[in-house]
Amino acid sequence: NPANLSGLTDGSVSVSASVSDKAGNTANASAAEGKTATLPDAPVVSFLSNGLTSQYYNVNDSKISSPPSGSTSLSVVQADLQTLKAAATFIATNLNYGDVGGVWHGTTEFSNNLGATGNLSTFLGSNATNLQLNSNYTSTTQSIIQMSGAFSAAAGTYYLNVNADDGYQIVIDGQIVSSMTGIQSQNAAPASVTLAATAGNLHTIQILYWDQGGNAVFQAALSTQQLGNTATTGVQTISLTTNNTLTATVTLDSTDQTDLSKGGAVTISSNTGTNVTLHLSGSNLVDSSGTVYTYQNGVIYLPVVEPSTGQTLTVTATVSDVYGNVSNPGSGSYALPTTPPVSIVADANHDGYLNAAEVTAAGSTISSTVQLDPALISAGGSASIVVVDAGTTTTLQVGSGGTVTGAANNVSGSYNATTGLLTLTMNAPGDGKAVSVTATQTDHYGITSSNGAAAATEDITGPSAPTVVIATDANNDGYINKA
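Residue 1 is where the sequence shown starts when you use UniProt numbering, and the numbers rise one by one after that.
Hints were generated in silico from the structure; no laboratory data involved.
The model shown is predicted, which means the values in this text are computed figures rather than measured ones.
Treat the hints with caution; some may be incorrect.
Stated by the list, open to error - DMTMM-like, lysine to aspartate or glutamate: derived pairs with alpha carbons at most 20 Å apart:
(1) K262 / D287
(2) K433 / D459
(3) K85 / D61
(4) K433 / D351
(5) K262 / D61
Modelling step: build the complete structure from the supplied sequences, incorporating the hints.
Below, the structure is given as C-alpha coordinates:
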(Lines of atoms letter the chains of each structure in order from A and count residues from 1; the text may use other names and numbers.)
(Lines give C-alpha, C1' and ligand atoms only; values in the text may rest on other atoms or scores of the structure.)
Protein backbone atom coordinates (compact mmCIF):
# COMPACT_ATOMS: atom_id res chain seq x y z
CA ASN A 1 0.00 0.00 0.00
CA PRO A 2 1.30 3.51 -0.70
CA ALA A 3 2.60 5.38 2.35
CA ASN A 4 0.79 8.55 3.40
CA LEU A 5 3.46 11.29 3.69
CA SER A 6 1.06 14.24 3.86
CA GLY A 7 1.92 14.92 7.48
CA LEU A 8 5.68 14.93 6.93
CA THR A 9 7.32 18.36 7.19
CA ASP A 10 11.10 18.75 7.41
CA GLY A 11 12.85 15.39 7.70
CA SER A 12 12.98 12.08 5.88
CA VAL A 13 11.13 8.79 5.67
CA SER A 14 12.61 5.33 5.19
CA VAL A 15 10.66 2.41 3.74
CA SER A 16 11.91 -1.18 3.81
CA ALA A 17 10.30 -4.37 2.53
CA SER A 18 11.10 -8.04 2.39
CA VAL A 19 9.61 -10.86 0.38
CA SER A 20 9.93 -14.63 0.67
CA ASP A 21 8.93 -17.49 -1.60
CA LYS A 22 7.45 -20.89 -0.73
CA ALA A 23 10.92 -22.32 -0.35
CA GLY A 24 11.77 -19.76 2.33
CA ASN A 25 14.10 -17.66 0.18
CA THR A 26 13.94 -13.95 1.09
CA ALA A 27 14.84 -10.69 -0.57
CA ASN A 28 15.05 -7.28 1.06
CA ALA A 29 14.89 -3.71 -0.29
CA SER A 30 14.69 -0.27 1.22
CA ALA A 31 14.39 3.35 0.12
CA ALA A 32 14.71 6.69 1.83
CA GLU A 33 13.30 10.03 0.78
CA GLY A 34 13.89 13.45 2.29
CA LYS A 35 11.50 16.34 2.30
CA THR A 36 11.67 19.94 3.51
CA ALA A 37 9.02 22.57 3.85
CA THR A 38 11.52 25.27 4.81
CA LEU A 39 11.88 27.91 2.11
CA PRO A 40 15.32 29.03 0.94
CA ASP A 41 16.30 32.51 2.13
CA ALA A 42 15.56 35.51 -0.08
CA PRO A 43 18.70 36.59 -1.98
CA VAL A 44 20.03 40.15 -1.81
CA VAL A 45 20.07 42.14 -5.06
CA SER A 46 22.28 45.19 -5.59
CA PHE A 47 24.38 46.89 -8.26
CA LEU A 48 28.09 47.51 -8.76
CA SER A 49 29.70 50.88 -9.28
CA ASN A 50 30.47 51.98 -12.83
CA GLY A 51 34.15 51.43 -12.07
CA LEU A 52 35.87 49.91 -9.04
CA THR A 53 34.61 50.77 -5.56
CA SER A 54 37.72 52.03 -3.78
CA GLN A 55 38.91 52.94 -0.29
CA TYR A 56 41.97 54.96 0.67
CA TYR A 57 43.65 54.48 4.05
CA ASN A 58 46.22 56.84 5.56
CA VAL A 59 48.62 55.15 7.97
CA ASN A 60 51.93 55.72 9.70
CA ASP A 61 53.51 52.25 9.81
CA SER A 62 57.24 52.03 9.13
CA LYS A 63 56.93 48.22 9.03
CA ILE A 64 55.45 48.59 5.54
CA SER A 65 58.85 49.88 4.42
CA SER A 66 60.88 47.55 6.66
CA PRO A 67 58.83 44.42 7.48
CA PRO A 68 59.80 42.32 10.52
CA SER A 69 61.53 39.01 9.94
CA GLY A 70 59.13 36.49 8.45
CA SER A 71 56.77 39.19 7.19
CA THR A 72 56.35 41.05 3.92
CA SER A 73 55.03 44.49 3.15
CA LEU A 74 51.89 42.73 1.90
CA SER A 75 51.31 40.90 5.17
CA VAL A 76 51.91 44.10 7.16
CA VAL A 77 49.40 45.97 4.99
CA GLN A 78 46.84 43.18 5.36
CA ALA A 79 47.26 43.31 9.14
CA ASP A 80 46.87 47.11 9.15
CA LEU A 81 43.60 46.82 7.25
CA GLN A 82 42.07 44.81 10.09
CA THR A 83 41.91 47.95 12.24
CA LEU A 84 42.01 50.90 9.83
CA LYS A 85 38.98 52.89 8.72
CA ALA A 86 38.86 54.35 5.22
CA ALA A 87 39.97 57.98 5.14
CA ALA A 88 38.54 58.50 1.65
CA THR A 89 36.46 56.69 -0.94
CA PHE A 90 36.30 56.98 -4.71
CA ILE A 91 35.36 55.08 -7.85
CA ALA A 92 38.29 54.06 -10.03
CA THR A 93 37.47 54.48 -13.72
CA ASN A 94 40.89 53.94 -15.30
CA LEU A 95 43.84 52.13 -13.68
CA ASN A 96 46.36 54.78 -14.64
CA TYR A 97 47.65 56.68 -11.63
CA GLY A 98 50.81 58.58 -10.88
CA ASP A 99 52.64 58.98 -14.21
CA VAL A 100 52.09 62.51 -15.47
CA GLY A 101 50.12 62.56 -18.72
CA GLY A 102 49.14 58.91 -18.29
CA VAL A 103 52.26 57.69 -20.08
CA TRP A 104 53.05 54.04 -19.34
CA HIS A 105 56.21 53.92 -17.21
CA GLY A 106 56.68 57.63 -17.82
CA THR A 107 59.72 59.62 -16.80
CA THR A 108 57.69 62.13 -14.75
CA GLU A 109 56.41 60.21 -11.75
CA PHE A 110 54.20 61.47 -8.91
CA SER A 111 56.81 62.29 -6.29
CA ASN A 112 55.24 64.36 -3.56
CA ASN A 113 54.14 61.62 -1.11
CA LEU A 114 50.68 60.21 -1.77
CA GLY A 115 49.94 60.38 1.97
CA ALA A 116 50.34 64.16 2.21
CA THR A 117 47.08 66.04 2.66
CA GLY A 118 45.51 66.94 -0.68
CA ASN A 119 47.70 64.67 -2.78
CA LEU A 120 45.19 61.86 -3.27
CA SER A 121 43.13 64.02 -5.63
CA THR A 122 46.25 64.89 -7.63
CA PHE A 123 47.33 61.23 -7.79
CA LEU A 124 43.92 60.08 -9.06
CA GLY A 125 43.52 62.93 -11.53
CA SER A 126 40.71 62.44 -14.04
CA ASN A 127 40.79 58.64 -13.65
CA ALA A 128 38.40 58.51 -10.69
CA THR A 129 35.00 59.90 -9.80
CA ASN A 130 33.10 60.68 -6.63
CA LEU A 131 36.15 61.27 -4.41
CA GLN A 132 34.89 61.70 -0.84
CA LEU A 133 37.21 62.66 2.02
CA ASN A 134 36.19 61.40 5.46
CA SER A 135 36.78 63.16 8.77
CA ASN A 136 39.86 61.03 9.52
CA TYR A 137 41.65 62.04 6.31
CA THR A 138 44.99 63.51 7.32
CA SER A 139 48.65 63.62 6.32
CA THR A 140 50.61 60.38 6.83
CA THR A 141 53.78 58.77 5.53
CA GLN A 142 52.33 55.51 4.18
CA SER A 143 49.15 54.96 2.16
CA ILE A 144 46.98 51.97 1.21
CA ILE A 145 44.34 51.72 -1.54
CA GLN A 146 41.82 48.90 -2.04
CA MET A 147 39.77 48.60 -5.24
CA SER A 148 37.15 45.97 -6.08
CA GLY A 149 34.41 45.29 -8.59
CA ALA A 150 34.16 43.83 -12.07
CA PHE A 151 35.58 44.53 -15.51
CA SER A 152 34.71 43.40 -19.00
CA ALA A 153 37.07 41.42 -21.26
CA ALA A 154 36.44 38.74 -23.87
CA ALA A 155 37.64 35.18 -23.25
CA GLY A 156 41.30 34.63 -24.07
CA THR A 157 44.85 34.68 -22.78
CA TYR A 158 46.33 38.09 -22.00
CA TYR A 159 49.25 39.75 -20.31
CA LEU A 160 48.26 41.64 -17.18
CA ASN A 161 50.91 44.36 -17.22
CA VAL A 162 51.40 46.19 -13.94
CA ASN A 163 53.67 49.20 -13.49
CA ALA A 164 53.97 50.21 -9.85
CA ASP A 165 55.87 52.05 -7.18
CA ASP A 166 55.47 50.44 -4.55
CA GLY A 167 53.70 47.10 -3.96
CA TYR A 168 50.43 45.44 -4.96
CA GLN A 169 48.36 42.27 -5.17
CA ILE A 170 45.73 41.65 -7.87
CA VAL A 171 43.06 38.94 -7.72
CA ILE A 172 40.94 38.13 -10.81
CA ASP A 173 38.03 35.69 -10.66
CA GLY A 174 39.16 34.53 -7.23
CA GLN A 175 42.79 33.81 -8.17
CA ILE A 176 45.93 35.81 -7.33
CA VAL A 177 47.30 36.66 -10.77
CA SER A 178 49.96 39.30 -10.06
CA SER A 179 51.74 40.60 -6.97
CA MET A 180 54.76 42.49 -5.71
CA THR A 181 54.81 41.84 -1.96
CA GLY A 182 57.52 44.33 -1.00
CA ILE A 183 58.74 47.83 -1.81
CA GLN A 184 60.15 48.86 -5.19
CA SER A 185 60.96 51.77 -7.43
CA GLN A 186 58.77 52.13 -10.51
CA ASN A 187 58.86 48.77 -12.28
CA ALA A 188 56.70 47.05 -14.91
CA ALA A 189 55.93 43.33 -14.65
CA PRO A 190 53.74 41.24 -17.01
CA ALA A 191 51.77 38.18 -15.87
CA SER A 192 49.91 35.73 -18.11
CA VAL A 193 46.16 35.61 -17.41
CA THR A 194 43.56 33.35 -19.04
CA LEU A 195 39.97 34.56 -18.88
CA ALA A 196 37.04 32.21 -19.43
CA ALA A 197 33.93 33.05 -21.45
CA THR A 198 31.22 34.52 -19.20
CA ALA A 199 27.91 36.31 -19.62
CA GLY A 200 28.65 39.91 -20.48
CA ASN A 201 32.39 39.05 -20.43
CA LEU A 202 32.32 39.96 -16.73
CA HIS A 203 35.22 39.13 -14.42
CA THR A 204 35.70 40.05 -10.77
CA ILE A 205 38.80 41.92 -9.65
CA GLN A 206 40.29 42.99 -6.30
CA ILE A 207 43.36 45.21 -6.09
CA LEU A 208 45.47 46.06 -3.05
CA TYR A 209 48.12 48.78 -3.53
CA TRP A 210 50.41 50.49 -1.04
CA ASP A 211 52.95 53.29 -1.05
CA GLN A 212 55.71 53.86 1.51
CA GLY A 213 55.98 57.60 0.76
CA GLY A 214 57.85 59.58 -1.87
CA ASN A 215 57.15 58.44 -5.42
CA ALA A 216 53.87 56.67 -6.21
CA VAL A 217 52.62 54.97 -9.40
CA PHE A 218 50.00 52.33 -10.17
CA GLN A 219 49.10 51.35 -13.73
CA ALA A 220 47.47 48.10 -14.92
CA ALA A 221 46.79 47.14 -18.53
CA LEU A 222 45.32 43.98 -20.05
CA SER A 223 47.02 43.39 -23.39
CA THR A 224 48.14 40.76 -25.87
CA GLN A 225 51.63 42.26 -25.61
CA GLN A 226 54.08 42.56 -22.76
CA LEU A 227 54.79 46.10 -21.62
CA GLY A 228 58.14 46.75 -20.02
CA ASN A 229 60.11 49.56 -18.45
CA THR A 230 59.89 51.79 -21.50
CA ALA A 231 57.85 54.97 -21.66
CA THR A 232 54.86 54.22 -23.91
CA THR A 233 51.96 56.44 -24.90
CA GLY A 234 48.47 55.34 -25.85
CA VAL A 235 48.37 52.26 -23.60
CA GLN A 236 44.80 51.06 -23.02
CA THR A 237 44.26 50.12 -19.39
CA ILE A 238 41.59 47.72 -18.12
CA SER A 239 38.04 48.69 -19.15
CA LEU A 240 36.26 49.51 -15.90
CA THR A 241 33.26 51.50 -17.09
CA THR A 242 30.36 50.60 -19.36
CA ASN A 243 27.75 52.44 -21.38
CA ASN A 244 24.06 51.47 -21.24
CA THR A 245 24.80 48.42 -19.06
CA LEU A 246 24.88 47.91 -15.30
CA THR A 247 26.31 44.98 -13.37
CA ALA A 248 23.77 43.52 -10.96
CA THR A 249 24.83 41.29 -8.09
CA VAL A 250 22.72 38.59 -6.45
CA THR A 251 24.15 37.52 -3.09
CA LEU A 252 23.28 34.11 -1.64
CA ASP A 253 23.75 33.33 2.04
CA SER A 254 25.29 30.04 3.18
CA THR A 255 21.89 28.31 3.25
CA ASP A 256 21.12 29.32 -0.33
CA GLN A 257 24.61 28.34 -1.46
CA THR A 258 24.03 24.87 0.00
CA ASP A 259 20.65 24.60 -1.72
CA LEU A 260 22.28 25.59 -5.01
CA SER A 261 25.03 23.01 -4.61
CA LYS A 262 22.44 20.28 -4.00
CA GLY A 263 20.55 20.81 -7.23
CA GLY A 264 18.75 24.08 -6.59
CA ALA A 265 18.49 27.05 -8.91
CA VAL A 266 18.43 30.85 -8.96
CA THR A 267 15.94 32.71 -11.16
CA ILE A 268 16.71 36.34 -12.03
CA SER A 269 14.54 38.76 -13.98
CA SER A 270 14.43 42.47 -14.70
CA ASN A 271 12.02 44.90 -16.29
CA THR A 272 14.65 45.70 -18.94
CA GLY A 273 14.69 42.21 -20.42
CA THR A 274 16.74 39.89 -18.19
CA ASN A 275 15.11 36.50 -17.53
CA VAL A 276 17.41 33.59 -16.63
CA THR A 277 17.41 30.53 -14.42
CA LEU A 278 20.86 29.45 -13.26
CA HIS A 279 22.14 26.17 -11.83
CA LEU A 280 25.51 24.62 -11.08
CA SER A 281 27.14 22.41 -13.68
CA GLY A 282 30.30 21.16 -12.03
CA SER A 283 31.94 24.28 -10.63
CA ASN A 284 30.27 26.63 -13.14
CA LEU A 285 27.02 28.52 -12.74
CA VAL A 286 25.19 28.24 -16.07
CA ASP A 287 21.85 29.00 -17.69
CA SER A 288 19.81 26.59 -19.81
CA SER A 289 22.01 27.25 -22.87
CA GLY A 290 25.24 26.59 -20.99
CA THR A 291 26.39 30.22 -20.77
CA VAL A 292 28.64 30.64 -17.72
CA TYR A 293 27.86 33.40 -15.21
CA THR A 294 30.51 34.84 -12.93
CA TYR A 295 29.97 33.42 -9.42
CA GLN A 296 32.38 34.11 -6.56
CA ASN A 297 31.91 33.53 -2.83
CA GLY A 298 28.14 33.30 -3.09
CA VAL A 299 27.78 36.36 -5.33
CA ILE A 300 26.39 36.15 -8.87
CA TYR A 301 27.41 38.90 -11.31
CA LEU A 302 25.33 39.58 -14.41
CA PRO A 303 24.88 42.38 -16.93
CA VAL A 304 21.52 44.15 -17.07
CA VAL A 305 20.34 46.87 -19.43
CA GLU A 306 20.46 50.36 -17.95
CA PRO A 307 17.06 52.05 -17.58
CA SER A 308 16.08 55.00 -19.72
CA THR A 309 16.11 58.44 -18.11
CA GLY A 310 13.07 58.78 -15.89
CA GLN A 311 12.52 55.03 -15.62
CA THR A 312 13.42 52.67 -12.77
CA LEU A 313 15.24 49.39 -13.29
CA THR A 314 14.09 46.58 -11.00
CA VAL A 315 15.94 43.27 -10.72
CA THR A 316 14.24 40.42 -8.87
CA ALA A 317 15.73 37.07 -7.82
CA THR A 318 14.48 33.91 -6.12
CA VAL A 319 16.20 30.71 -4.98
CA SER A 320 14.60 27.28 -5.33
CA ASP A 321 15.82 24.08 -3.70
CA VAL A 322 15.87 20.58 -5.15
CA TYR A 323 12.41 19.90 -3.67
CA GLY A 324 10.84 22.83 -5.52
CA ASN A 325 10.51 25.17 -2.55
CA VAL A 326 10.94 28.76 -3.72
CA SER A 327 12.23 31.63 -1.59
CA ASN A 328 10.57 34.97 -1.19
CA PRO A 329 11.87 37.35 -3.85
CA GLY A 330 14.80 39.65 -3.27
CA SER A 331 14.90 42.77 -5.39
CA GLY A 332 16.89 45.89 -6.08
CA SER A 333 16.00 49.04 -8.00
CA TYR A 334 18.00 51.74 -9.76
CA ALA A 335 17.19 55.00 -11.54
CA LEU A 336 19.64 57.25 -13.36
CA PRO A 337 20.53 60.57 -11.71
CA THR A 338 18.29 63.39 -12.89
CA THR A 339 19.55 66.55 -14.57
CA PRO A 340 19.86 69.28 -11.90
CA PRO A 341 17.90 72.45 -12.76
CA VAL A 342 20.07 75.59 -12.79
CA SER A 343 18.87 79.18 -12.52
CA ILE A 344 20.64 82.55 -12.52
CA VAL A 345 18.53 84.38 -9.96
CA ALA A 346 19.38 87.90 -11.11
CA ASP A 347 17.99 87.11 -14.56
CA ALA A 348 14.46 87.65 -13.27
CA ASN A 349 12.69 87.09 -16.59
CA HIS A 350 15.08 84.29 -17.63
CA ASP A 351 15.67 85.79 -21.06
CA GLY A 352 19.43 85.19 -20.96
CA TYR A 353 20.31 88.85 -20.34
CA LEU A 354 21.03 90.88 -17.23
CA ASN A 355 19.59 94.30 -17.98
CA ALA A 356 20.28 97.49 -16.08
CA ALA A 357 17.32 97.07 -13.75
CA GLU A 358 18.26 93.47 -12.92
CA VAL A 359 21.90 94.36 -12.25
CA THR A 360 20.90 97.33 -10.11
CA ALA A 361 18.60 95.10 -8.06
CA ALA A 362 21.28 92.45 -7.61
CA GLY A 363 24.22 94.74 -6.97
CA SER A 364 27.81 93.84 -7.75
CA THR A 365 27.28 90.23 -6.63
CA ILE A 366 24.73 87.97 -8.27
CA SER A 367 23.46 84.56 -7.24
CA SER A 368 22.55 81.31 -8.95
CA THR A 369 20.80 78.19 -7.69
CA VAL A 370 21.27 74.51 -8.50
CA GLN A 371 18.59 72.05 -7.37
CA LEU A 372 20.35 68.82 -6.39
CA ASP A 373 18.81 65.54 -5.23
CA PRO A 374 19.41 65.51 -1.44
CA ALA A 375 18.85 61.75 -1.19
CA LEU A 376 21.44 61.10 -3.91
CA ILE A 377 24.01 63.38 -2.28
CA SER A 378 23.56 62.00 1.24
CA ALA A 379 23.78 58.40 -0.01
CA GLY A 380 27.39 58.84 -1.09
CA GLY A 381 26.80 60.97 -4.17
CA SER A 382 28.39 64.23 -5.21
CA ALA A 383 27.89 67.18 -7.52
CA SER A 384 30.19 69.21 -9.75
CA ILE A 385 29.45 72.81 -10.69
CA VAL A 386 31.45 74.80 -13.24
CA VAL A 387 31.06 78.59 -13.19
CA VAL A 388 32.50 80.67 -16.02
CA ASP A 389 32.29 84.32 -15.00
CA ALA A 390 33.62 86.88 -17.49
CA GLY A 391 35.92 84.21 -18.92
CA THR A 392 37.27 82.94 -15.58
CA THR A 393 36.44 79.30 -14.72
CA THR A 394 35.81 78.03 -11.19
CA THR A 395 34.83 74.45 -10.32
CA LEU A 396 32.98 73.68 -7.10
CA GLN A 397 32.32 70.23 -5.63
CA VAL A 398 29.55 69.17 -3.26
CA GLY A 399 30.47 66.09 -1.20
CA SER A 400 28.14 63.56 0.38
CA GLY A 401 28.43 65.36 3.71
CA GLY A 402 27.16 68.57 2.12
CA THR A 403 30.53 70.34 2.18
CA VAL A 404 31.16 72.69 -0.74
CA THR A 405 34.80 72.94 -1.84
CA GLY A 406 36.68 74.76 -4.59
CA ALA A 407 35.65 78.35 -3.84
CA ALA A 408 37.84 80.81 -5.76
CA ASN A 409 37.66 83.91 -7.95
CA ASN A 410 34.89 85.34 -5.73
CA VAL A 411 32.74 82.31 -6.53
CA SER A 412 31.40 80.33 -3.56
CA GLY A 413 28.44 78.19 -2.60
CA SER A 414 26.33 76.95 0.30
CA TYR A 415 24.30 73.73 0.32
CA ASN A 416 21.06 72.94 2.14
CA ALA A 417 21.18 69.21 2.87
CA THR A 418 17.45 69.09 3.62
CA THR A 419 16.17 70.65 0.41
CA GLY A 420 19.14 69.89 -1.85
CA LEU A 421 19.36 73.54 -2.92
CA LEU A 422 22.85 74.83 -3.71
CA THR A 423 23.11 78.62 -3.71
CA LEU A 424 26.06 80.17 -5.54
CA THR A 425 27.36 83.73 -5.38
CA MET A 426 29.66 85.38 -7.92
CA ASN A 427 30.56 88.78 -9.29
CA ALA A 428 28.35 90.33 -11.91
CA PRO A 429 30.24 89.64 -15.16
CA GLY A 430 30.39 93.25 -16.38
CA ASP A 431 28.72 94.99 -19.26
CA GLY A 432 28.92 92.95 -22.44
CA LYS A 433 30.30 89.90 -20.66
CA ALA A 434 28.62 86.61 -19.74
CA VAL A 435 28.27 84.26 -16.80
CA SER A 436 27.37 80.56 -17.14
CA VAL A 437 26.71 77.79 -14.62
CA THR A 438 26.85 74.09 -15.55
CA ALA A 439 26.04 71.34 -13.03
CA THR A 440 25.99 67.55 -12.85
CA GLN A 441 25.29 65.15 -10.01
CA THR A 442 26.91 61.73 -9.63
CA ASP A 443 25.39 58.90 -7.61
CA HIS A 444 27.32 56.48 -5.39
CA TYR A 445 27.57 54.05 -8.31
CA GLY A 446 29.65 56.61 -10.21
CA ILE A 447 27.00 57.35 -12.83
CA THR A 448 26.70 61.02 -13.75
CA SER A 449 23.64 62.93 -14.86
CA SER A 450 23.41 65.02 -17.99
CA ASN A 451 24.33 68.70 -17.68
CA GLY A 452 22.00 71.26 -16.20
CA ALA A 453 22.96 74.76 -17.32
CA ALA A 454 22.02 78.42 -17.35
CA ALA A 455 23.75 81.49 -18.78
CA ALA A 456 23.22 85.23 -19.00
CA THR A 457 24.98 88.16 -20.63
CA GLU A 458 25.11 91.51 -18.84
CA ASP A 459 23.74 94.28 -21.05
CA ILE A 460 23.25 97.56 -19.22
CA THR A 461 24.20 100.05 -21.93
CA GLY A 462 21.25 101.31 -23.91
CA PRO A 463 21.43 101.66 -27.68
CA SER A 464 22.69 104.89 -29.23
CA ALA A 465 20.03 107.50 -29.86
CA PRO A 466 18.71 107.41 -33.42
CA THR A 467 19.44 110.27 -35.78
CA VAL A 468 16.25 111.98 -36.99
CA VAL A 469 16.33 114.19 -40.06
CA ILE A 470 13.47 116.17 -41.60
CA ALA A 471 14.33 115.78 -45.23
CA THR A 472 12.54 118.98 -46.41
CA ASP A 473 14.56 121.10 -43.96
CA ALA A 474 17.46 121.17 -46.38
CA ASN A 475 19.71 123.41 -44.28
CA ASN A 476 18.64 121.83 -40.96
CA ASP A 477 17.87 125.25 -39.46
CA GLY A 478 14.61 124.11 -37.95
CA TYR A 479 12.49 125.95 -40.49
CA ILE A 480 10.85 124.86 -43.65
CA ASN A 481 10.79 127.97 -45.84
CA LYS A 482 8.86 128.61 -48.98
CA ALA A 483 11.67 127.37 -51.19
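Pair hint K433 and D351, alpha-carbon separation not exceeding 20 Å: Since the Cα atoms of K433 and D351 sit roughly 15 Å apart, the hinted pair holds (cutoff 20 Å).
message: Tell me if the straight-line CA distance from K262 to D61 falls inside 20 Å.
response: 47 Å, violated
query: Are K262 and D287 close enough, with their CA atoms no more than 20 Å apart?
result: 16 Å, holds
task: Quickly compare the C-alpha distance for K85 and D61 to 20 Å and report which way the hint goes.
output: 15 Å, holds
query: Straight-line Cα separation of K433 and D459 no greater than 20 Å?
result: 8 Å, holds
Violation of the numbered hints given earlier is confined to hint 5; every other hint is satisfied by the structure.
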